[in-house]
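Chemist: Listed below are the residues making up each chain.
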Amino acid sequence: MSHFADIAKKLINGKFICEYSYPDEHAFLLKPGMADEMMAYLEKMEFTLSTPQEGNGFYCSYLLPKNNQADLKKQFIEIISSLSPLVNFLTLVQQSCGDDDIIRPGDVMRMTELQGVIEDTTALSTQLDKIVSHSLFRSTSSTVEGKLKQVFNRLIEMDYLVSSNPAHQIYTATSKWSLLIDQIRFINDTEQLSLEKLVDETIKQDDLYD
Amino acid sequence: MTDEVRKSGVQFLKNLGRHAELILDTYLEGVVPIAYEDNRKIIETLIQQQVLWRPTEEEGLHLTQAVRNLLEQGLKDERNRQLDINVGSAIATIKTLIGHYKEAQSTGNYRDASAYLRDIGEHVFTLIESLRRNVHKLWTHINNEFGRVGSLSAKIRENELAQEQVATILLGLGMFDFKDLAELSGANPQLRKLLVVNLQWEIDKCVTELSSAQKRLFRMLGHFKEIRARTALVHGFKIFSEAHLDYQPPCYPEQTNMSSLFNMIVPFEAKALLNTTIDDHDAVLSQIVQSIKVSAVEQTESPDRQARAVDIFEMPEIEIEEKPETVAVENFLSHVIDKDGQKISALSYYQMIDFVMDEEFWLFAVFSYMDSMNDEESSLFNKKLLNNTPTEFTGNQFIEDIEVWIN
Chain F
6 MSHFADIAKK LINGKFICEY SYPDEHAFLL KPGMADEMMA YLEKMEFTLS TPQEGNGFYC
66 SYLLPKNNQA DLKKQFIEII SSLSPLVNFL TLVQQSCGDD DIIRPGDVMR MTELQGVIED
126 TTALSTQLDK IVSHSLFRST SSTVEGKLKQ VFNRLIEMDY LVSSNPAHQI YTATSKWSLL
186 IDQIRFINDT EQLSLEKLVD ETIKQDDLYD
Chain L
122 MTDEVRKSGV QFLKNLGRHA ELILDTYLEG VVPIAYEDNR KIIETLIQQQ VLWRPTEEEG
182 LHLTQAVRNL LEQGLKDERN RQLDINVGSA IATIKTLIGH YKEAQSTGNY RDASAYLRDI
242 GEHVFTLIES LRRNVHKLWT HINNEFGRVG SLSAKIRENE LAQEQVATIL LGLGMFDFKD
302 LAELSGANPQ LRKLLVVNLQ WEIDKCVTEL SSAQKRLFRM LGHFKEIRAR TALVHGFKIF
362 SEAHLDYQPP CYPEQTNMSS LFNMIVPFEA KALLNTTIDD HDAVLSQIVQ SIKVSAVEQT
422 ESPDRQARAV DIFEMPEIEI EEKPETVAVE NFLSHVIDKD GQKISALSYY QMIDFVMDEE
482 FWLFAVFSYM DSMNDEESSL FNKKLLNNTP TEFTGNQFIE DIEVWIN
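Residue numbers (my numbering), protein chains in the order written: chain F, 6 to 215; chain L, 122 to 528.
Isolated chain F, as found in the complex (with noise of 0.2 Å):
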């Protein structure tokens, strides 16, 4: 199969491809005029090739949305569901590392060092198993590792993961998350919904009670 083929393939099959995740695959959109003819290709389909707003990546959506209303629905109610442990698993690996910023595309995560912190922190671990209650990463182990294991194992079914060196369970984010803060965004400027200004707020609740 050609290489063309089979990067068409991958985003027909939902894959994204970013610099992360399909390292060749991107560098081979990125060769000029390459994404062009991938659009051209894809539009004879029906589809078309989308990238996100912040960052880079590939991913394939319909040329056409009104004719397929009811796809889109289903990805729709599919992406929504998915935000809240999405999101909730970006600020238990920020409060594991203790940075300031959230995971970005590049960042490297090891896992047993995720796993250490929280196991160590009653917390962290709690907010893990809200995580793997959700049917996104639902998980039945007791174990921290496990719960963990099952956590990422499902990010990189979902292109938001990459196993760079599975032998010490280190994994790569790719740009995937670039789009997560992307529809986040669109969602809060849409809908007007200010969720910076909730952090300062209940910052400031939380110095009344103190």
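Since the hints were derived computationally from the structure, they do not count as laboratory data. These numbers were taken from a predicted model, which means no experiment stands behind them. Built from N, CA and C at the ideal position, the CB exists for glycine as well. Watch out, some of these pointers could steer you wrong.
Stated by the list, open to error - One side only, chain L facing chain F, incomplete, derived with CB under 10 Å:
1) PHE358
2) SER362
3) LEU382
4) PHE383
5) VAL387
6) PRO388
Unchecked claim - Away from chain F, derived, C-beta distances all over 10 Å, residues of chain L:
7) GLU125
8) ALA141
9) TYR148
10) ILE155
11) ARG175
12) THR177
13) LYS216
14) GLY229
15) ALA308
16) LYS336
17) ARG340
18) LEU342
19) HIS456
20) ASN503
What the hints assert, rightly or not - Label-pair distances were calculated between CB atoms; the ranges are:
21) L:SER412 with F:HIS8: 30 to 38 Å
22) L:ASP400 with F:VAL167: 42 to 50 Å
23) L:GLY295 with F:MET163: 52 to 60 Å
24) L:ASP400 with F:ARG143: 31 to 39 Å
Chain F is already provided as a structure; the job is to place chain L on it using the hints.
Modeler: Here is chain L on its own, set in the frame of chain F:
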């Protein structure tokens, strides 16, 4: 005069050295530690020499700024994060001294003139040193991304402060008019060297470095703010979705011009699954299943599979508590043996003992005990169930007594 200054200076430094521990402990703790409070005399001397001072009556004794700066510099302590931005006054001082110097020279007062020149030199070099130190401090902050302060908001505040200070320094440096300085130094080679060569070169270099630091600070601030916005968005969403568990934004696919962010296709290729409901395939499927050979079962390591040492000497003793009815029945059977195996009725024995349960329970206890005896034991005893004669034809018989004897 010089001799005296030299003598008291040496004495001053020696005094500092003699009380180095007190001074350094004060530097580290901020005030003179309680442990030194008894050394009244030493403290008084240090106050007189302006090494220590007391800001207000209630406050403890602090180090004066000059000593603290000396230590900060000597120890390369990063605690002093703030920049010395008072360039303007340094320039004004230098200009004033040049005025004095020129006047002294024109009136032929050469001794004063040379003293002023030395002073000008001192101020120029102090200014250069302070500028260099500022630039160095600034780049240290930039390189460790304001790592000395913890939170992102604190970093943003520090960055904004640093930007303000850089702007003030640059503004101060802008006040240097080198044409003016060149005119002031005139044909005087010493002044020219100091003001035009040394100072101008140094200031040019400093301005270039500060400008590039300013750019970096600006970019860094943008980066910090971007992180803060991203993090706030995510944390805000978390708080929001916890408060609104069933939140659903309007269905964007139903809107015209839907955003490509939510336009994701349903994967084209579904996962291959067997349809086990088609009966015709049964034979083929079972053949396939039979042909599957499990080469090795991977056993994951789990703590309860690991070998463990068992200490058999510390096994707790199991105590079987005998029920009172069992003991009573055993006593009954021993009684039969004691009486040379004579036939004894269970009820008659019951009358003899102090058994708390009622008759029916006693008979049941004897019956069930004898029923559960092993072959050897049961071959020893004979028993006869004395049933009542049913008066009505219900078919039910009741055990009224049990007789037990030995063959």
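Chemist: Decide, hint by hint, whether the structure agrees.
Modeler: Hint-by-hint comparison with the structure:
no.: 1; hint: PHE358; verdict: 5 Å, holds
no.: 2; hint: SER362; verdict: 4 Å, holds
no.: 3; hint: LEU382; verdict: 5 Å, holds
no.: 4; hint: PHE383; verdict: 6 Å, holds
no.: 5; hint: VAL387; verdict: 5 Å, holds
no.: 6; hint: PRO388; verdict: 4 Å, holds
no.: 7; hint: GLU125; verdict: 58 Å, holds
no.: 8; hint: ALA141; verdict: 38 Å, holds
no.: 9; hint: TYR148; verdict: 30 Å, holds
no.: 10; hint: ILE155; verdict: 31 Å, holds
no.: 11; hint: ARG175; verdict: 34 Å, holds
no.: 12; hint: THR177; verdict: 30 Å, holds
no.: 13; hint: LYS216; verdict: 46 Å, holds
no.: 14; hint: GLY229; verdict: 66 Å, holds
no.: 15; hint: ALA308; verdict: 59 Å, holds
no.: 16; hint: LYS336; verdict: 22 Å, holds
no.: 17; hint: ARG340; verdict: 16 Å, holds
no.: 18; hint: LEU342; verdict: 14 Å, holds
no.: 19; hint: HIS456; verdict: 57 Å, holds
no.: 20; hint: ASN503; verdict: 59 Å, holds
no.: 21; hint: L:SER412 with F:HIS8: 30 to 38 Å; verdict: 36 Å, holds
no.: 22; hint: L:ASP400 with F:VAL167: 42 to 50 Å; verdict: 43 Å, holds
no.: 23; hint: L:GLY295 with F:MET163: 52 to 60 Å; verdict: 56 Å, holds
no.: 24; hint: L:ASP400 with F:ARG143: 31 to 39 Å; verdict: 33 Å, holds
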